[in-house]
Amino acid sequence: MASSIRVRAVENGGVTSLKALVRHPMDSGFVKDSAGNVIPAHFIQLLTITHNGKDVFVANWGPAVSKDPFLECRFKGAKKGDKLTISWTDNKGESDSTTATIA
Amino acid sequence: MKGVLGAGVASFALGSGIVPLRVEAAASLDTSDWPKKAFSTPGVDATISELYGMEATESDKISMDLPTIAQNGAVVPATVETTLPNVTSIALLVAKNPNALAASFDIPEGTLPFVSNRLKMAETTDVVAVVISDGKAYKATKNVKVTVGGCGG
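Residue numbers (our numbering), protein chains in the order written: chain A, 1 to 103; chain B, 1001 to 1153.
Don't read these hints as lab results, they were simulated from the structure.
It is possible that some hints are incorrect.
Calculated pairs, BS3-like style, for lysine-lysine (alpha carbon to alpha carbon, straight line, at most 30 Å) [as the list claims (entries may be wrong)]: (1) B:LYS1036 <-> A:LYS54; (2) B:LYS1037 <-> A:LYS19; (3) B:LYS1037 <-> A:LYS32; (4) A:LYS80 <-> A:LYS32; (5) B:LYS1096 <-> A:LYS54; (6) A:LYS76 <-> B:LYS1096; (7) A:LYS54 <-> B:LYS1061; (8) B:LYS1096 <-> B:LYS1139.
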């Protein structure tokens, strides 16, 4: 199964810039479907970016984050070729995780 | 015979590929620290005090990059950056959303106080960025006009 997470991490001058795109409906719980039924809230609550076993970025997300969330962050202390792990868990207990190599 | 064996190996590889995924799901992140109450609080000031337990003062050292006019309230790009020192947390709030808090980010040591994200906005309103620097809360505000299906006026 293809991962729900697409990541690109680039190191330049000691700073790693990471861009991630996650495929997720991020239903807010305020929207109704065509039959008038409320679509239950379904959104990512927690997304972490880990490098060498240490969290370098933690995002707490609510239903007001857009569908297929995009995230960009920057951190120091990593070098080209290092591995990063990006993981998320949503309010229904679903989760996914992927590993990316810093270019 | 060789073909049959090959198919067997392939299906085994496929099967074993599913197993680690399930293990991963079982070892999913612990969301017990997720600030549930802060995510269900309407209003900017009430949400900031629920999330951080203090009031935020205005700061001109927080730069917010958001469109002045958003053609589509479902996807509003928001970038926050600050020159404030020792930042430990950044939060994005949308004043008139049913619950103001859109996202909060932990900034560990070594991570730059920069974040870019996309938000949903119910209507034209202020977007507030909150930054925790040296244990104090600072905020900056930008008004974003939402024109869903309009002509950008």
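The hints, checked one at a time:
no. : hint                    : result
1   : B:LYS1036 <-> A:LYS54   : holds (24 Å)
2   : B:LYS1037 <-> A:LYS19   : holds (29 Å)
3   : B:LYS1037 <-> A:LYS32   : holds (24 Å)
4   : A:LYS80 <-> A:LYS32     : violated (46 Å)
5   : B:LYS1096 <-> A:LYS54   : violated (36 Å)
6   : A:LYS76 <-> B:LYS1096   : violated (35 Å)
7   : A:LYS54 <-> B:LYS1061   : holds (28 Å)
8   : B:LYS1096 <-> B:LYS1139 : holds (17 Å)
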